[in-house]
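> Chain by chain, the residues:
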Amino acid sequence: MLPVSMTVNGKAVTATVDPRTLLVQYLRDNLRLTGTHVGCDTSQCGACVVHVDGAARKSCTMFAWQAEGAKVTTIEGVANGEKLHPMQEAFREHHGLQCGYCTPGMIMSAIDMVNRKGNDLDDNTIRHELEGNLCRCTGYHNIVKAISAGARAMKG
Amino acid sequence: MSATGIGAAVRRKEDQRFITGKGHYTDDVSRPGQTFAYFVRSPHAHAKLHSIDVKAAAAMPGILAVLTGQDLAGDKIGNLICGWMIHSKDGSPMKMAPHPALAATKVCYVGDPVAVVIAETLAQAKDAAEKIAVDYEVLSAVTDPAKAKSAAQIHDVAPKNTIYEWHLGDSKATDAALAAAKHITRIDLTNNRLVPNAMEPRAALAEYDSGTDSLTLWNTSQNPHVARLVISAFVGMAPEHKLRVIAPDVGGGFGSKIFIYPEEVVCLWAARRVGRPVKWTSDRSEAFLADAHGRDHVTHAEMAFDGDGKITALKVKTIANLGGYMSTFSSSVPTYLYATLLSGQYAIPNIYCEVDAVYTNTVPVDAYRGAGRPEATFVVERLVEVGARELGLDPAELRKRNFIKSFPHQTPVIMAYDAGDYLASLKKAMELADVKGFGRRKRDAARHGKLRGLGYSTYIEACGIAPSQAVGSLGAGVGLWESAEVRVNPTGSVEVLTGCHQHGQGHETTFAQLVSERLGISIDQVSIVHGDTDKVQFGMGTYGSRSGAVGMSAIVKALDKVEAKAKKIAAHVMEAAEGDIEFRDGKFTVAGTDKSMAFGEVALAAYVGHKFPTQEIEPGLKEGAFYDPTNFTFPAGCHICEIEIDQETGETEVVSWTAVDDFGTLINPMIVEGQVHGGIAQGVGQAMIEQTVYDKDGQLLSGSYMDYAMPRAHNFPAFKVDTTETKCPSNPLGIKGCGEAGAIAAPAAVMNAITDALGTEKIEMPATSMAVWRALQTMNRNQVAAE
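Those sequence lines, one after another, are chains X and Z. The letter at position 8 of the first sequence is residue 1 when you use this note's numbering, and the numbering goes up by one with no holes. Take any residue in the second sequence, count from 1 to its spot, add 651: that is its number in this note's numbering.
Quick caveat, the hints were computed from the structure, so don't treat them as lab data. Among the hints, erroneous ones may be present.
Distance condition first, Cα-Cα at most 25 Å in a straight line; then the derived DMTMM-like pairs of lysine to aspartate or glutamate [claimed, not checked]: (1) Lys968(Z) - Glu1041(Z); (2) Lys777(Z) - Asp22(X); (3) Lys782(Z) - Asp11(X).
Far from chain Z, some chain X residues (derived; all Cβ distances over 10 Å) [what the hints assert, rightly or not]: (4) Lys4; (5) Gln59; (6) Asp113.
Taking CB as the label site, the calculated pair distances span [stated by the list, open to error]: (7) Lys76(X) - Ser1173(Z): 18 to 24 Å; (8) Thr9(X) - Arg682(Z): 21 to 27 Å; (9) Ser1119(Z) - Lys76(X): 46 to 52 Å; (10) Gln721(Z) - Gly125(X): 42 to 48 Å.
From the three backbone atoms N, C-alpha and C, an ideal C-beta is built for every residue, glycine too.
Extracted from the complex, chain Z is given alone in its bound form (with noise of 0.2 Å):
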């Protein structure tokens, strides 16, 4: 392994600017003549929209455009869209309702954008959007996803709220087997609604050149072509050579900057309108009301057990809240990301799964860090310990018993899984969280008034997304393969150009290790060029864990191609054959002999063309590559949390974590820890804190920093990750992904040790301390009751 190669812990080539203060976001880019865009949003979930008068805004001072959504439809801009289809159980196409980038008959939910103000300055934008009166119609809203089918309809094109009522897997051996069980668990579950909250709040900034009928958006997304390609292609704003997006650095996504929102469209369209830039960035209160949140599950749940403590079948009915629009990925979120993940580290023969997705008068749900997956595990690991409970197994025995051991396997749910060793992070885990103290921590613990426990999590998921073809066949209106360019130069330093963009996990590193590795140059000498759809041609983004497994796979196909032709020029120059030249640590030799090139040298002979047959190899040093992956990734490992809880007041703390963790091939060990500590803390603040609040009117009640918990440093202990390796045998790297699993894995895991501290399993999510209080009063009432 070389210092800066493959395996080790580079310290990241992004950071020098990132401690200077000389980071560059969108916020940080201004452009000259730039106004300023302040949206005016609905206060009410669900009305009907009658009128807007704009006059009196409109003559207020520096004001240069009041625009509605009847000015949007008269300049024929058009809907956004959800790009995945998905069909229910009857074969009739999901209902999607149209989503104008800003409203022009109705509302429905509290920040859908009603009109825009375009002004000289932020606050003479703001001043005037009071000066704005809509005439509403207010109509009764729903936000509970289990009573939406029975709430006033949102949408005409969709019948008691249903987008669809999907399904998976084979319901009538999954009856069968459940009938014939010798035990079967019963479970209902809330996954909380999330806010992503990325530290970064989204912004846009709209630039119209009239000379060459083109436009330029800079924006937080972490899929610029992306977002090109729907707002060409599907809301119309221009062709796509006509519109360049550049997402320079993105302050964390988390999923909810995957999506194309109406702010970019609008402010777009408007910087053509008003011949000026246009600039608008999200307030923290404002992000709250319009960045797609996470999660929002209702579920019932069966796990069917024989007498040897083996599953047998698993059963979900899961209602899963889409918001008041159809978001750009939503609809896959809770059925390919999620219901394929129902196996989990386990061989169960039978699986049926349906989830109603259901319109709510809420902001709209999409895709949030693990995006399905999470929201699997969590019911597969609270089932298989609520299981082991019930049956009087050690729950780490349980899983023993079911883990899946020879690969590749077959799961009833698609997924078909390559690779893994499940019982090695189980035992790994298992030693490093010291379970066999556990006992005695726990007597520790109650002489201090406090209950301790102990939770697994055995996750696994799906990863390296996605096969083209395979998710084609599900739905997916696009392909997820990524594309790489190298560009050597004549001196031997390299550009590669990617369609993966970073928003914090290092790829301005992790990508130039690989270069290092193959090329045996210097990570100095390498730059890593992403994020603007004029500098790389195509490339589907960042999310999904993807990456590692796919973009680094083009990356490594386009090296290939480079050494290729490398290999010919150096013959040529070298004037030996080109099967005798071999390339190692940055030379290529003539074997056998003395005679060699440094990569530099082979790459200024490829510039030059003096020295080999221009007619027959093309001058110069540049290829590039696309590489769609043949199967999904499939990460897994096994997390263990400690917590105790103090009898007295329910104030529950997390005091040790454990968590190891299988991806494959690692690239840079600093960065993938990294990785998994900042997914437990999500994981962690979903399970504990994190929780978003509606009215029974739709009003946010959680819609600031002030009222929506976020976990903060003191909300942990110090974090022990490790990893074992099980190599991915579908991409050129062995690499799996690592971006997602602490999410993934983390809440089970708290909620595991919570119910086994408590004694209960009758506490949802989120367990704050006022839960955990209300759970042992409960309890106490129970106990004296009985006596």
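Chain X on its own, in the form it takes in the complex (with noise of 0.2 Å):
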């Protein structure tokens, strides 16, 4: 067993794991964030996105232990107090979610995508960033409507 401690969503935890949990694991289990979804075993859905230390990370492909001192944050700690962020605000807005599973891992890459890339996505952009998050649901088109929109709304 292993201790590990970092920050999540402002929080400072700590915790004694077995050194194969995944962060994955160490949130939905032990913290019990189950906000962040599992929907792959190949890091290929992108369900498990959340932030390590402000760069989006799947939660499925790291060891809890190798978030030892960082700054997690995942989709329960993006919204301020009861006002969403912009980005979870334009998923809504345009529709771009429908059984909902994979939109934490959607609105995580987002703000990221939106972070690295600027505020002004043309939608070839959002579709090629998108190569790591799957939906069966929406077909992306309001997905990509969504993060444009939101992309726009981050930057007021």
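Both chains are sitting in their own frames, so use the hints and assemble them into the complex.
Spelled out as structure tokens, the structure:
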């Protein structure tokens, strides 16, 4: 067993975990932050995307201990209290989700995309940047619209 | 139209929890003291199961139980069943082989579960599973449905691996029409096998309460009541009143979560045996081996034309792969959900279809988005397109000549289409797609070394599943009505209990819109309750684009009763005659006076009971209804796909997509568009990239997202989506259903576009860039040889 400590959504957390514990398992099972999902076992689907020290990471591809000392943000931590993050708002406004399972990973990837690529994202860029996020419901059409609008809204 | 009523693009009520990470899926549920299940699955496609040695595994740390098929049989747990009886041409019933939840004597596909380990942690369960020794005697396997009849027999009950040899239509008349035809178009098609891949893997959590001798199952189900019925009545796990099934938020279904699977049965059984909650969550790799697959047809079809390009007959012969066992509704998919749609949008006087369903050593095959109707559309729309090319006619013109133009229309294959305007959707789609400008775009593409093609798909589907008597006469083991209960609270807010289940469709919004429209209250005052057998008495679930047409019709019936009772109460309270009470915009008014009561005031009066005779009118305001449709509904439309092919690499890109669909009344156009988008993506995925590959020994080669191509955002352009409208005459709202249309229409549109660009019909789905490149090379070689 290994001790781990990190900051998750602004709160310091510590635990002792089996060294095999993935970051996503730690978030879901230990911290009960079940908004981060697991949709595959080969790092393809992106349902588990969180931010580690400000950058998007697939939390199924790292062990909990690898986030030692890091600042982790999950979907539960992106809103500012009651006020939704502009990207969350954009997904609702543009019907960028149906079953909701891929949505947390999509939103976390989208915020990261804006952080890296800026607020004016063309559709082609968004579609290619979504290489690592799978959705089976929406055909991506409204996800692309939502990210485009959310990116612009993040400017303000 | 009110701001939140029928026809408004209301933003979804359910989104708040999904965008904030507060969704509540089965794997998010944890129970005190829960244990974890891990399944040991057969690595062989076909083998006798001689013995399983579990001793070493049982002695591992943290292990509570290691259970096998022998234990299951010892506890007299019944088999899984297929609930739709199909009879062969000769009148014999389909050959349903026993399907135990854990195999006991033989295994029939790679992934067939043979044992389960229950442990304190999942890691301990997995570690122990490695210590289980299974003695298999490997037998030869078959995966190709076309070879099943001559392969080693899989089940004792099914000689030649044949489940049924079924037919529909008039063989003699069809043959006569073919003999008299001016032209016959012939085609051989493979409808490729697909893995549904809802993003949420299946999961089950079972808990036993010894105090009440009752079981609770949380599972990823599209129809929890049907799951309870089957697990109770057929598997014999517990009486219905001692089994609660809860399907909370479910992350996509597409059919694959309709069925009753071994894992949920085993979790329930194991929870009772170990006396603790048992949780199982599928890995994605496991899902590839354990979730029912879709499609997998091999078809030869012939379409006869007269001298005017009128279709005079259609003859179809299909072999359908049902996999290693018969899944819950598998028998109905290649029969009554398939051959009954072979008339397409066309007046075809003679149709005959034969379907042989076979066992193979593959994962069971059952309904996947569209279920039989995409397969039918693919046959008809490929034939029409190829026919037009062979006859030298414009494909749109050939379609127009053959469209059904008057309704109702009785086809030769059971269905009676009630309403539609196929010309309207074709015309609108052609305008939106700028078909007139296609020649110019094709020439432009050629200048860049690209081949450009355009393909149509004018599809029809039968939705609103389904009239109970009709499906009963065709072999269904259940009725397919839907239930609703409307509970009005004393303060005027409303809860609607529905037997439908949402897993992406947005019922919490659209059903609330109906209530808002009818009762004149805000959708914020309405909650939709579904997915729990302890809350909703019974219901048939969500699939077959039925929730609007059938589920909402049940709500309408219940609302009618609520309104009728509320009028009686309002009449007493306002001391007026019941016939003088009008209800509009949430207000009960005494006609011709200024006396009125708001809906909430009447609701309160109903519960207070001071001002009406409670001996004549019971207090309270709560009404239930069961709605059984009188006909299927018939959504139809036209999709037009344009693709570009790089001649050097074969790289194929969908560059434009236009969809014009007639779904009847739209409750929420935003949600309808979303449904169309998703369906198109699944259909394009099938046509261009998704390929389920078994090797000759029955190993699934495409068993993960590394090997099975899931459609990604860059596979698509933005879609142009529009609608036309003819109301469905058979249900109160005029709804036809929209959930499956895209997946039904899309494959034929893609393949018609690709073959148009290539100038050859010799390419099968999935038309990957590699397949397209090969087709180009073959054509080049043939051209060189010819020169």
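> Keeping to a limit of 25 Å between CA atoms, is the pair of Lys782(Z) and Asp11(X) held or broken?
21 Å, holds
> Given the proposed pairing of Lys968(Z) with Glu1041(Z), does the C-alpha separation stay at or below 25 Å?
Holds - the C-alpha atoms of Glu1041(Z) and Lys968(Z) are around 21 Å apart, at most 25 Å.
> Has the hinted range 18 to 24 Å been met by the Cβ atoms of Lys76(X) and Ser1173(Z)?
23 Å, holds
> Over 10 Å from every CB of chain Z: does Gln59(X) meet that, or does the non-interface label fail?
18 Å, holds
> Taking 46 to 52 Å as the stated bounds, is the beta-carbon spacing between Ser1119(Z) and Lys76(X) within them?
With Cβ atoms ~49 Å apart, the hint holds.
> Measuring from beta carbon to beta carbon, are Gln721(Z) and Gly125(X) in 42 to 48 Å?
44 Å, holds
> Run the C-beta distances from Asp113(X) to all of chain Z and say if the shortest one exceeds 10 Å.
17 Å, holds
> Assess, step by step, whether the Cα of Lys777(Z) is no farther than 25 Å from the Cα of Asp22(X), and give holds or violated.
18 Å, holds
> Is it true that the C-beta distance of Thr9(X) to Arg682(Z) lies inside 21 to 27 Å, as the hint says?
Distance hint for Thr9(X), Arg682(Z) holds at roughly 23 Å.
> Quick one: work out the minimum CB distance from Lys4(X) to chain Z and report holds if it exceeds 10 Å, violated otherwise.
15 Å, holds
When the structure is compared with the earlier hints, no violation turns up for any of them.
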